[in-house]
Structure formats: structure tokens, C-alpha cells
Amino acid sequence: MVAPGLKSEQEIGVAHFSAISLTPMNFAKAAAGAGFSRIGLRLNPAFPGAPYYELPHGGHAAEELKAVLRGEAIEVFDIEFFVIDPSFNASSLEPIVAAAANIGAKRLSVCGDDPDVSRLQSNFSEFCDLAGRYGLAVDIENMGWRTVRTFADSVNLLKSSGAPNAGALVDGVHFFRNGATLTSLRAEIDRVKHVQLCDLAGPPPSTAEAMIAEARGKRLAPGDGELPLGELIAIADGAAASVSVEVPLSGSGDVEEHLKRLFEGAVRILNPGQ
Numbered sequence: 001m002v003a004p005g006l007k008s009e010q011e012i013g014v015a016h017f018s019a020i021s022l023t024p025m026n027f028a029k030a031a032a033g034a035g036f037s038r039i040g041l042r043l044n045p046a047f048p049g050a051p052y053y054e055l056p057h058g059g060h061a062a063e064e065l066k067a068v069l070r071g072e073a074i075e076v077f078d079i080e081f082f083v084i085d086p087s088f089n090a091s092s093l094e095p096i097v098a099a100a101a102n103i104g105a106k107r108l109s110v111c112g113d114d115p116d117v118s119r120l121q122s123n124f125s126e127f128c129d130l131a132g133r134y135g136l137a138v139d140i141e142n143m144g145w146r147t148v149r150t151f152a153d154s155v156n157l158l159k160s161s162g163a164p165n166a167g168a169l170v171d172g173v174h175f176f177r178n179g180a181t182l183t184s185l186r187a188e189i190d191r192v193k194h195v196q197l198c199d200l201a202g203p204p205p206s207t208a209e210a211m212i213a214e215a216r217g218k219r220l221a222p223g224d225g226e227l228p229l230g231e232l233i234a235i236a237d238g239a240a241a242s243v244s245v246e247v248p249l250s251g252s253g254d255v256e257e258h259l260k261r262l263f264e265g266a267v268r269i270l271n272p273g274q
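Under our numbering, the sequence shown has 15 at position 15, and the numbering climbs by one with no breaks.
Do not take every clue at face value.
[Claimed, not checked] List time: in silico DSS-like cross-link candidates among lysine-lysine, alpha-carbon distance up to 25 Å: (1) K29 to K66; (2) K106 to K159; (3) K66 to K218; (4) K218 to K159; (5) K66 to K260; (6) K29 to K106; (7) K106 to K66.
[Claimed, not checked] Just the calculated beta-carbon pair ranges, DEER-fashion: (8) G251 to S91: 26 to 34 Å; (9) R70 to A187: 19 to 27 Å; (10) T207 to E63: 42 to 50 Å; (11) G251 to G162: 27 to 35 Å; (12) G49 to E231: 16 to 24 Å; (13) G49 to I189: 34 to 42 Å.
To be clear, the hints were calculated from the coordinates, so they are not data collected in a lab.
Note that CB positions come from ideal geometry on N, CA and C, so glycine has one too.
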């Protein structure tokens with residue numbers, strides 16, 4: 001076990017959704033204190049009414065965050081969350097993409113939710129082009145209640161786009177709950193650029209509403225459930241995919257203790273037997 005406050009030899013990130021009540025600056029401090037080396041930030045709402053934070057390029061808040069990142073020796077890895085739905089307009093998101101690049105982010109996370117496959121492919125490619133102009137990459141994350149529902153759907157979108165800066169984001173809940181297997185992961189592992197760890201217990205949900213409830217409120221810390229996370233990481237390690245944790249804090253628990261538990265759980269998954 002890594003002592004609280006000490007970084008692991010591996011670079012492990014943590015998604016903002018794990019402690020979304022914290023501002024970017026406070027989240028960076030708490031994540032660094034727990035041992036994480038990277039953070040994801042939510043600069044765009046994942047769904048109507050979802051919390052997010054604005055860090056416009058050139059603004060005071062962005063400059064303050066960059067100072068905190070330097071002081072805490074932690075970096076921003078990915079920016080969430082962009083839904084490619086029928087109303088999606090890539091050019092309208094350029095200020096957020098510019099803000100992401102300004103704070104040193106590497107990747108942008110999206111999901112696909114447009115039944116018009118041709119339009120979905122076109123918008124995804126256009127967003128990848130926009131991200132590329134700012135030196136960023138784009139990861140598609142499948143979700144059971146979206147059009148891009150399965151890992152196979154993510155792979156098909158990547159193949160159709162051909163974007164050199166596009167990859168797949170494998171999140172434990174969405175990957176395993178929507179029909180993917182370790183065999184399917186192994187076959188397409190070169191497309192996976194980011195793995196988000198979380199755990200689950202019990203039977204899979206059968207409705208879209210139950211899927212959403214599980215993903216947003218019933219995740220467990222890595223190692224506290226039944227998912228084969230060790231096997232997943234063993235496969236992903238061969239592709240040098242980045243690893244982070246995403247487990248929202250439920251109730252009124254202590255945020256710092258929550259982040260420490262997530263970090264320690266990830267370390268145990270990454271270092272079995274230690």
C-alpha cells in the first residue's frame with residue numbers, strides 16, 4: 001500500500017465526477033494529497049443540469065489552477081464531457097477545447113448519442129479535427145443508454161472516422177455491463193487509450209434508467225466488487241493505456257478519505273500481490 005500523500009510509481013488519474021462538488025483547484029489539491037498524478041476535469045455538462053466548471057482561456061481561474069497544478073506536481077489529463085447528439089456543433093465548443101489545451105489537458109472524452117450514423121461519424125470526425133488543431137486527442141466512451149452502446153460500437157466509430165487522434169475510453173461499468181469481454185478487448189487493445197477503473201456488485205441492470213442509476217450512483221472503489229479489473233489492466237498495460245479512477249462519492253462522506261480509498265484500490269489492482 002502507498003502511504004497517503006505519496007505518489008505511486010504508476011501515473012494514476014482520477015475523474016472529476018469522483019468528487020464533482022470540488023472546484024478544479026480544490027479537486028487538484030485533494031487528488032494530489034491522495035496520491036494521484038493526474039486529474040480529469042468536467043468543463044462541459046455530461047447531461048442537462050449536470051455540474052461542471054468553466055475555465056476560459058486567459059481567465060483568472062485558469063491561471064490560478066495552473067499555479068496549483070505546478071505546486072502540487074499534478075497534471076490535467078482529460079476533459080469531460082461532450083455528447084455527440086443530433087444537435088452537436090463542434091465549432092461551438094472551440095472555446096472549451098482552447099481552455100482544455102491552455103491548462104495542459106491531453107485528451108477529450110465524448111459519447112455518441114445520435115441515431116443518424118452518418119451524421120454521428122461526421123460530427124465525431126469534425127470534433128477530432130478541432131481537437132487536433134489544439135494538440136488534443138479524443139476518446140469515445142460507450143454507454144448502455146446511448147447510441148454508441150457497446151465497446152464494439154466504439155470500435156466501429158473509430159474505424160469509420162479514421163481520425164489519427166481518436167481512441168476508445170474503456171470504463172469498467174460501461175464496458176462489462178454492455179456485453180464486452182476481455183477477449184474483445186484484447187482484439188482491439190491498440191485502440192484503447194484510456195481505462196477508467198471502478199467496481200460493481202450484483203446483477204446487471206436491465207433498463208436504461210437502471211443503467212444510469214448504477215453508473216452515476218452505485219459504483220464501488222476498485223477491488224470492492226466483482227469485476228475482473230486485474231485482468232483488464234493486464235491487457236491494457238500492453239498498450240500503455242492511461243489509467244484513472246471514476247467512482248462518485250455518494251452521500252455526505254469525507255471527500256479526501258474517499259479519494260484516498262480510490263487511490264489505494266487502484267494501486268492494489270495495478271500491483272497484485274503487493
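In this structure, is the beta-carbon distance linking G49 and E231 contained in 16 to 24 Å?
36 Å, violated
Check the following: the C-beta atoms of G49 and I189 are separated by a distance inside 34 to 42 Å.
Since the Cβ atoms of G49 and I189 sit about 36 Å apart, the hinted range of 34 to 42 Å holds.
Take the C-alpha atoms of K66 and K260, compute the straight-line distance between them, and say whether it is at most 25 Å.
Cα-Cα ~23 Å, so holds.
Against the 25 Å threshold, does the CA-CA distance of K218 and K159 hold or violate the hint?
32 Å, violated
Is the straight-line distance between the alpha-carbon of K106 and that of K66 25 Å or less?
15 Å, holds
How does the Cβ-Cβ distance of R70 and A187 compare with 19 to 27 Å: does it lie in that range?
Taking Cβ atoms as reference, R70 and A187 lie about 41 Å apart, which means the hint is violated.
Between T207 and E63, is the Cβ distance one that fits in 42 to 50 Å?
Since T207 and E63 have Cβ atoms about 45 Å apart, the given range 42 to 50 Å holds.
Is the Cα-Cα distance between K106 and K159 25 Å or less?
Holds, because 21 Å separates the two Cα atoms, which is no more than 25 Å.
Regarding G251 and G162, is the given constraint of 27 to 35 Å on their beta-carbon distance met?
Violated, since G251 and G162 (Cβ atoms, about 45 Å apart) do not stay within the stated range.
Take the C-alpha atoms of K29 and K66, compute the straight-line distance between them, and say whether it is at most 25 Å.
Given that 25 Å is the threshold and the Cα spacing comes to 12 Å, the pair holds.
Are K29 and K106 close enough, with their CA atoms no more than 25 Å apart?
19 Å, holds
Check the hint pairing K66 with K218 against an upper bound of 25 Å on the C-alpha distance.
Violated, at roughly 32 Å.
Violated hints, in rising order: 3, 4, 8, 9, 11 and 12; the structure is consistent with all others.
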